[in-house]
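If you're matching them up, the sequences are chains A and B in order.
Counting in UniProt numbering, the first sequence runs from 1 upward without gaps.
Counting in UniProt numbering, the second sequence runs from 1 upward without gaps.
Just so you know, not all the hints are guaranteed correct.
Each pair may be met inside one copy or between any two copies, as identical chains are not told apart.
What the hints assert, rightly or not - In the SDA-like style, the derived pairs of lysine to any residue whose C-alpha atoms are separated by at most 25 Å in a straight line are:
(1) K54 - M172
(2) K52 - T11
(3) K54 - M156
If you are wondering where the hints come from, they were derived from the structure by calculation, not from laboratory data.
There are 2 protein chains.
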Amino acid sequence: MATTTGRRSGTRQRILETCRELFNRRGTADITTAEIAAAVGINEGNLYYHFKRKEQILETLFAAFAAELREVAAADLAEGEAETRAARYFRGWFGLMWEWRFFYRDAMVVRRLAPGLQAELETLADEGQADLRRALRSMAANGLIVADDDELERMMVNAWIVATYWIDYLRMRHGVGDITRRHLDWGAWQLMGIFEPYLTAEGRRLLAAAGGVRPGPVPEVQA
Amino acid sequence: MATTTGRRSGTRQRILETCRELFNRRGTADITTAEIAAAVGINEGNLYYHFKRKEQILETLFAAFAAELREVAAADLAEGEAETRAARYFRGWFGLMWEWRFFYRDAMVVRRLAPGLQAELETLADEGQADLRRALRSMAANGLIVADDDELERMMVNAWIVATYWIDYLRMRHGVGDITRRHLDWGAWQLMGIFEPYLTAEGRRLLAAAGGVRPGPVPEVQA
DNA sequence: GTCTATAATGAGATAGAC
DNA sequence: GTCTATCTCATTATAGAC
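Using the sequences and the accompanying hints, generate a full structural model.
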């Protein structure tokens, strides 16, 4: 309520939001404090009032990212019919990955700029893989998919890789700057390619009914 | 033969080799000219005698990388039995990707440090995807795999992503610093997971006979 | 070809007035 | 909270002697 809460600086939030956009658009290594200040419309000195070190900006951004990611995972577990979960889950996941893509793409740079984040980054990835593993095992237990444990694990790893690097792939190979719903659907379709051959008739039916993965092969989607 | 050929500076080669190692190990953005000179065991001034700009080092390294990559692709097409090609191809590919992993991992940084490389990077990726597409189509034509064009294309994209980011995946998720043959076999096994469900009995037999992909599920391979 | 300077830049960060 | 002014420092790059 009062200014003392420290939460409502306004400027502080604008700095964070501006940084997220700048990092995403131009790369984490490329953005200087001068540029941040200019983009926010404040002075560099003021920037350092809000964040004593540049590193702190990254750390604060990461905390927000992690919270959002866990929210998506939790929401998936909490609500909805089993058959629509996968589609919603992938969409939510991809959406976040796009909003915070600099964390994926500039991992090496982030590591250098904020070494303290390393441990948390690993924890988050662990959780993501565990979520995926759980989802696949649950599908197998419910007769939607037929595969032994080794195959499930291999699928999980392949799916995690494709999902994690999908955004970077779009940018690198197709020059995609502005992602659309279509790009995310395309990613979901790619992911499905990994699971589909193992689906039972029942699994196939349920996924089709969910309507989550119907874009079919996506043609040359440029930009 | 004489010193005039410009090819045999010795120091020049040592600079390039040292840079490749430093970039791989510590990240392209992290390495300064001072550090390069120190690692090579020469003075910074001398470094600038051999490469007028730091950017030139990257460009020279990239030319070597591209040449090696094309050599692997060409060798695959030229020689050997069809059934052993896939395994050899993936090994050669992964091996190179490891030796030049900084080009994959620090793509964003490389782009900034040597903008002139962008076009060539894209060409190389185009060629890689085309190679993979051709290989899959040939397998389909020879009755080793059963899939329609859309499925083949989806497989190609998934395989390209897994292959391209495999090295980075090992480092990120498993802290792998020194890659072993086992890590590369593991990657080949992951790739096979994408194709395997589509193989015919004949295709399965040939791949097994090639002995290329037999590590089975790889357990916790650490470091 | 290799060295010892040294310049030139540009980044992160601070002090202190308003 | 915000600004102006300034500092410190690392990094790329050059000049010129050996």
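Results of checking the hints against the structure:
{"no.": "1", "hint": "K54 - M172", "verdict": "between (28 Å within a copy, 24 Å between copies)"}
{"no.": "2", "hint": "K52 - T11", "verdict": "within (14 Å within a copy, 44 Å between copies)"}
{"no.": "3", "hint": "K54 - M156", "verdict": "neither (36 Å within a copy, 41 Å between copies)"}
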